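These protein sequences, in sequence, are chains H and R. All residue numbers for the first sequence refer to our numbering, where the first residue is 89 and numbers rise by one. All residue numbers for the second sequence refer to our numbering, where the first residue is 518 and numbers rise by one.
Take these hints with a grain of salt, some might be off.
Now the in silico label distances, taken between C-beta atoms and shown as ranges [as the list claims (entries may be wrong)]:
hint, chain 1, residue 1, chain 2, residue 2, range
1, H, Glu284, R, Leu559, 27 to 35 Å
2, R, Trp658, H, Pro209, 39 to 47 Å
3, R, Leu728, H, Pro209, 45 to 53 Å
4, H, Glu99, R, Glu756, 50 to 58 Å
5, H, Gly189, R, Arg706, 27 to 35 Å
6, H, Asn190, R, Thr748, 33 to 41 Å
7, R, Pro719, H, Gly189, 37 to 45 Å
8, H, Met89, R, Trp658, 39 to 47 Å
9, R, Ala572, H, Thr278, 52 to 60 Å
10, H, Asn190, R, Ala572, 29 to 37 Å
11, R, Trp658, H, Ser152, 39 to 47 Å
12, R, Met555, H, Leu211, 49 to 57 Å
Each computed BS3-like pair below joins lysine-lysine, with the alpha-carbon atoms no more than 27 Å apart [what the hints assert, rightly or not]:
hint, chain 1, residue 1, chain 2, residue 2
13, R, Lys758, H, Lys229
14, R, Lys712, H, Lys131
15, H, Lys288, H, Lys171
16, R, Lys712, H, Lys179
17, H, Lys280, H, Lys298
18, R, Lys700, H, Lys200
19, H, Lys306, H, Lys161
20, R, Lys560, H, Lys200
21, R, Lys758, H, Lys161
22, H, Lys179, H, Lys131
23, H, Lys229, H, Lys171
24, R, Lys712, H, Lys306
25, H, Lys179, H, Lys290
26, R, Lys736, H, Lys200
27, R, Lys712, R, Lys778
28, H, Lys179, H, Lys229
29, H, Lys200, R, Lys758
30, H, Lys161, H, Lys171
31, H, Lys300, H, Lys290
If you are wondering where the hints come from, they were derived from the structure by calculation, not from laboratory data. Please read all numbers here as calculations on a predicted model, not as lab measurements. Every residue gets a Cβ at the ideal spot worked out from N, C-alpha and C, and that includes glycine.
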Amino acid sequence: MYYDYRVVNEEVVDLPNGRLVFKRVSKDLLRITKDVNGYRASKVLNVGEDSTLSLRPLPPSGISINVDYILIKFSEPITLIPKSSMTLEVKIPVDLGVYVGNSLIDSVPLSKVKYALYGPPDLGVLCRYIDHGVINTVSPKVLGSINIIVNSVLDTVLSVSRVVIPINGLITYLTYDDEIFFNVVEVRATDKNRIEVYTKDKPSVSREVKFKYRSSGKELTYVMMYGA
Amino acid sequence: MDIISLITGSPLLPRILISVIVIAVSYYLGIMLSNYVMRLRLKAPPEVIHNISRALRVSILVLGFLIVLSILGIELSGLLVAVGFTGIVIGLATQQVLSQFFSGISLLLEGRVRVGDSVRVGDDWGVIESIGLMSTQIRLWSGEVLTIPNNDLMSSKIYNFSRSIARRVDISVPISYTSNISKALEVIRGLLDSKELVLAEPQPVLIVDSLGDSAIIIKVLFWVPSQEFWTVRREIIREVKEALEAVGIEIPYPQRVVWLKELSSR
């Protein structure tokens, strides 16, 4: 699925949840038709015959609406004893990015898309929602690993059932075996009402990669003030 | 000898000419500075910048006017005493206007509404088009512009739908007494789960709300992104009806059971 395409007439890419059709309209114009999750949409782009389209994994993001965060809800709460840390390996579904050269021109969800509100309606944030219900229904080929290090400096037991991660702080890596992983995310509990989430500039897995994508180019932080 | 004394010592005609020039300069300077403020990339809502620029323009014009009074030899101290007395009279006469003005300032500082917000004030629904120091304009959904004096707006209940990033949709679904309630709940829950724009958190809530005259009422409560409120609401109402019909669950008409007593004939 994560290949390069040069479209002369038509290319059909079968996806786990639908299909993607690239059809040449003219020498300089290309129509992309997305038929995923029961929804169909198309757009025309000025992509010439000599341009190469690349399909690459991306962190899950907003499809019908814009969101800046991912909310990962664990199937069961993780409990940390006081002043301790642990590393969780979580697999989350990726989206498919359509690139022309280095430019991202479209993204396609490869899993069921749901959103969640983290915090109160006026102060909170909308997030792409990922839980075991979403993860269990997708093909393993579209799952990417993410290492979440949870650190607690609290004197009391900490229970974590969800993590909110800034999407622009995530880096996507694709290996030559089409294995996908992200950078490390650190969750630091310094106060019961203040859980800090940091995206680190360090891959979750140490492997040789053929593709690396980062949208912001910097490490980002989000402070979870409404409970974890 | 300062420049004002020099001018006031000269004949009347040149003083009038200089006064006209001063007024013209202060007028254009006011416009220039107010345009400059409008172009600045300030981290403030557009309505606040607009009102600051307007206040700046008026202040410069007033300053020019005061300079002109000096040039014409009108004593400012005497004028200020007169203004003090007349101020009370004018204050009482313009109570309404001042109330609107201070309400406008309060509205801007408090930030209850902003330009572009979708609001309901009383029975009027629309989008805030402009917030002035005296009045606020709302573009109603039907296209008309409603102008509300700021003091009226301040004392009204304002529902601001743009402030929240998510809103809850509440719908009531009646099902017949012969229907299977658990099946109906399962169908509605499945439908909500399949919709992208129905938020997973806060989770949708389904309540068997009441046993009505003709139907069992199920309350369906779910959250959606604010900007998609109406689209998702109407889509879900239509699809709930279709989904319930597809599994044979009836949405009943109001009905009344009439018992007829047969009288024995003698």
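How the hints compare with the structure:
Distance hint for Glu284 (chain H) and Leu559 (chain R): a CB-CB separation of about 31 Å, consistent with the stated range 27 to 35 Å. Distance hint check for Trp658 (chain R) and Pro209 (chain H): the Cβ-Cβ separation is about 22 Å, which falls outside the suggested range of 39 to 47 Å. Here the CB-CB span from Leu728 (chain R) to Pro209 (chain H) is close to 32 Å, at odds with the stated 45 to 53 Å. Checking the proposed 50 to 58 Å range against Glu99 (chain H) and Glu756 (chain R) shows it is violated: the Cβ atoms sit about 34 Å from each other.
A hinted range of 27 to 35 Å is violated for the C-beta pair Gly189 (chain H) and Arg706 (chain R), which are about 45 Å apart. Checked against the hint of 33 to 41 Å, the pair Asn190 (chain H) and Thr748 (chain R) passes, with Cβ atoms roughly 35 Å apart. Taking the beta carbon of each, Pro719 (chain R) and Gly189 (chain H) are about 42 Å apart, inside 37 to 45 Å as hinted. Remark: the range hint 39 to 47 Å for Met89 (chain H) to Trp658 (chain R) is upheld by a beta-carbon distance near 45 Å.
Taking 52 to 60 Å as the suggested C-beta distance range, the pair Ala572 (chain R) and Thr278 (chain H) does not conform, at roughly 45 Å. Range check, Asn190 (chain H) to Ala572 (chain R): about 48 Å between beta-carbon atoms, so the 29 to 37 Å window is missed. A C-beta distance of roughly 23 Å is found between Trp658 (chain R) and Ser152 (chain H), which places it outside the suggested range of 39 to 47 Å. Under the hint 49 to 57 Å, the C-beta atoms of Met555 (chain R) and Leu211 (chain H), about 30 Å apart, miss the expected range.
Between Lys758 (chain R) and Lys229 (chain H) the alpha-carbon distance is near 37 Å, which puts this suggested pair outside the 27 Å criterion. Distance hint between Lys712 (chain R) and Lys131 (chain H) is fulfilled; the C-alpha atoms sit about 23 Å from each other, no more than 27 Å. Annotation: proposed proximity of Lys288 (chain H) to Lys171 (chain H) holds, straight-line Cα distance about 21 Å (limit 27 Å). Taking the CA atoms of Lys712 (chain R) and Lys179 (chain H), the gap is near 23 Å; set against the 27 Å cutoff, the hint holds.
Proximity of Lys280 (chain H) to Lys298 (chain H) is assessed by CA-CA distance (about 41 Å); at most 27 Å being required, the pair is judged violated. For the hint linking Lys700 (chain R) to Lys200 (chain H), the alpha-carbon distance of about 24 Å falls within 27 Å, and the restraint holds. With a CA separation close to 25 Å, the supplied pair Lys306 (chain H) and Lys161 (chain H) stays within the 27 Å bound. For the suggested pair Lys560 (chain R) and Lys200 (chain H), the alpha carbons sit about 38 Å apart, so the restraint of at most 27 Å is broken.
The hinted pair formed by Lys758 (chain R) and Lys161 (chain H) fails the criterion: a straight-line CA distance of about 31 Å is larger than 27 Å. The straight-line distance between the Cα atoms of Lys179 (chain H) and Lys131 (chain H) is roughly 31 Å, outside the 27 Å bound, and the hint therefore fails. As the CA atoms of Lys229 (chain H) and Lys171 (chain H) are separated by approximately 37 Å, the hinted pair breaks the 27 Å bound. Note on Lys712 (chain R) and Lys306 (chain H): the hinted pairing is violated, with a Cα-Cα distance of about 34 Å set against a maximum of 27 Å.
Distance restraint check for Lys179 (chain H) and Lys290 (chain H): the Cα-Cα separation of roughly 17 Å lies within the 27 Å cut-off, and the hinted pair is therefore satisfied. For a cut-off of 27 Å, the pair hint linking Lys736 (chain R) to Lys200 (chain H) stands: about 26 Å separates their Cα positions. For the hint linking Lys712 (chain R) to Lys778 (chain R), the alpha-carbon distance of about 52 Å lies beyond 27 Å, and the restraint is violated. Simply put, Lys179 (chain H) and Lys229 (chain H) have alpha-carbon atoms about 11 Å apart, close enough for the 27 Å limit, and the pair holds.
With a CA separation close to 24 Å, the supplied pair Lys200 (chain H) and Lys758 (chain R) stays within the 27 Å bound. Between Lys161 (chain H) and Lys171 (chain H) the CA atoms are separated by roughly 23 Å; this keeps the pair inside 27 Å, and the hint holds. For the proposed pair Lys300 (chain H) and Lys290 (chain H), the alpha carbon gap of about 12 Å is at most 27 Å, so the pair holds.
The structure does not agree with the numbered hints 2, 3, 4, 5, 9, 10, 11, 12, 13, 17, 20, 21, 22, 23, 24 and 27 stated previously, though it agrees with the rest.
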